[in-house]
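Note that the protein sequences, when read in sequence, are chains A and B.
Residue 78 in my numbering sits at position 78 of the first sequence, with consecutive numbering throughout.
Residue 120 in my numbering sits at position 7 of the second sequence, with consecutive numbering throughout.
In short, the hints are calculated from the structure, not lab data.
All C-beta atoms in this analysis are idealised placements derived from N, C-alpha and C, irrespective of residue type, glycine included.
Any given hint might turn out to be false.
Unchecked claim - In silico contact screen, one side only, chain B against chain A (beta carbon under 7 Å); selected entries:
hint, residue
1, GLY155
2, TYR161
3, ALA167
4, ASP169
5, PHE178
6, GLY220
Claimed, not checked - Pulled from the structure, derived: some chain A residues nowhere near chain B, Cβ distances all over 12 Å:
hint, residue
7, MET10
8, GLU14
9, GLN19
10, ASN21
11, GLU41
12, ASP52
13, SER61
14, SER65
15, SER67
16, LYS68
17, LEU78
18, GLY99
19, LEU101
20, THR110
21, VAL111
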Amino acid sequence: GQNIDQPTEMTATEGAIVQINCTYQTSGFNGLFWYQQHAGEAPTFLSYNVLDGLEEKGRFSSFLSRSKGYSYLLLKELQMKDSASYLCAVRPRGGSTLGRLYFGRGTQLTVWP
Amino acid sequence: GAGVSQSPSNKVTEKGKDVELRCDPISGHTALYWYRQSLGQGLEFLIYFQGNSAPDKSGLPSDRFSAERTGGSVSTLTIQRTQQEDSAVYLCASSLADRSNQPQHFGDGTRLSIL
Chain A
1 GQNIDQPTEM
11 TATEGAIVQI
21 NCTYQTSGFN
31 GLFWYQQHAG
41 EAPTFLSYNV
51 LDGLEEKGRF
61 SSFLSRSKGY
71 SYLLLKELQM
81 KDSASYLCAV
91 RPRGGSTLGR
101 LYFGRGTQLT
111 VWP
Chain B
114 GAGVSQSPSN
124 KVTEKGKDVE
134 LRCDPISGHT
144 ALYWYRQSLG
154 QGLEFLIYFQ
164 GNSAPDKSGL
174 PSDRFSAERT
184 GGSVSTLTIQ
194 RTQQEDSAVY
204 LCASSLADRS
214 NQPQHFGDGT
224 RLSIL
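Just chain A, same shape as in the assembly:
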């Protein structure tokens, strides 16, 4: 089966740094995505990792370790608008599940002033 775990909730203060972890166990691996979802809105794409290491994109960075089945999303210089749910999603390798993403339940981040 497929299993994607991430913390349910996190809080942080404006200007701080927060790390949201995601662990996964899937049938094969063909990439990991992070999405941001504000309440009542569509998930929006943040980052993609398929090789081990850190991908940096402005205030957001994402890390992947395939051997450990582990990823994190790092948010720097937090702003109030970063309060949202952050979704970790894994794309399995080919076969009958080609195309789909498996999502974790999301981490609700609240940024306090």
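Given chain A, work out where chain B should sit, using these hints.
Leaving out everything else, chain B in the frame of chain A:
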């Protein structure tokens, strides 16, 4: 607009009625996906289209659920004889191609409430 468009944005209906949800993907995107999101749950995959064909429909929860895509563009998800457990937000996504590194771009979803 340039994004994925879904309609209606909200739908309230009585148990036992049929509903149709529509998705208009980003122009030129050949891959289209349906997911649903229940309160406190992760996004649950329903079906995937490549062009007009559905290589993977294994996520459809029962035979009351069906979907089609015509002209390689608009898709319709139909739920027959709705049940209360069908209440959820139904999200549609599209991607440029079915490549592993292509992100899926989501619409705002249809919030379905079954009374």
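Going down the list of hints, with the structure as the test:
1. Contact between GLY155/B and chain A, as hinted, is supported at the beta carbon level, the nearest pair being about 4 Å apart and thus within 7 Å.
2. A distance limit of 7 Å between C-beta atoms decides the matter here; for TYR161/B the minimum to chain A is near 4 Å, and the interface restraint holds.
3. The closest approach between the C-beta of ALA167/B and any C-beta of chain A is roughly 10 Å, which is over the 7 Å cut-off, so the hint fails.
4. Using the Cβ-Cβ criterion of 7 Å, the hint placing ASP169/B at the interface with chain A is satisfied: the shortest such distance is roughly 6 Å.
5. Taking 7 Å as the C-beta cut-off, the interface hint given for PHE178/B is violated, the closest approach to chain A being about 15 Å.
6. Interface restraint check: GLY220/B against chain A, minimum CB-CB distance 6 Å, threshold 7 Å, status holds.
7. With 12 Å as the threshold on Cβ separation, the claim that MET10/A sits away from chain B holds: the shortest Cβ distance comes to roughly 16 Å.
8. Under the 12 Å C-beta cut-off, the non-interface status given to GLU14/A relative to chain B holds; the minimum distance is some 27 Å.
9. Non-interface call for GLN19/A relative to chain B: holds, since the shortest CB-CB distance, roughly 20 Å, exceeds 12 Å.
10. For ASN21/A, the non-interface assignment is confirmed: its Cβ lies about 16 Å from the closest Cβ of chain B, beyond the 12 Å cut-off.
11. With a least CB separation of 6 Å from chain B, GLU41/A falls inside the 12 Å interface cut-off, contrary to its annotation.
12. Non-interface call for ASP52/A relative to chain B: holds, since the shortest CB-CB distance, roughly 15 Å, exceeds 12 Å.
13. Taking the minimum C-beta to C-beta distance to chain B, about 17 Å, the non-interface status of SER61/A holds against the 12 Å cut.
14. With a least CB separation of 18 Å from chain B, SER65/A remains clear of the 12 Å interface cut-off, as annotated.
15. Interface exclusion of SER67/A from chain B stands, the closest Cβ pair being 19 Å apart, more than 12 Å.
16. The claim that LYS68/A is not at the interface with chain B holds, since no C-beta of that chain comes within 12 Å of its own (minimum 20 Å).
17. LEU78/A, annotated as away from the interface, keeps every beta carbon of chain B farther than 12 Å; the closest lies near 23 Å.
18. Look at GLY99/A: its CB is around 4 Å from the nearest CB on chain B, not clear of 12 Å, so calling it non-interface is violated.
19. Non-interface status of LEU101/A relative to chain B is broken: a Cβ of that chain comes within 12 Å, the nearest being about 7 Å off.
20. Even its closest Cβ contact with chain B, about 16 Å, leaves THR110/A beyond 12 Å, as expected for a residue assigned away from the interface.
21. Listed as a non-interface residue, VAL111/A keeps its Cβ farther than 12 Å from every Cβ of chain B; the least gap is roughly 21 Å.
Against the hints set out earlier in the document, violations occur for numbers 3, 5, 11, 18 and 19.
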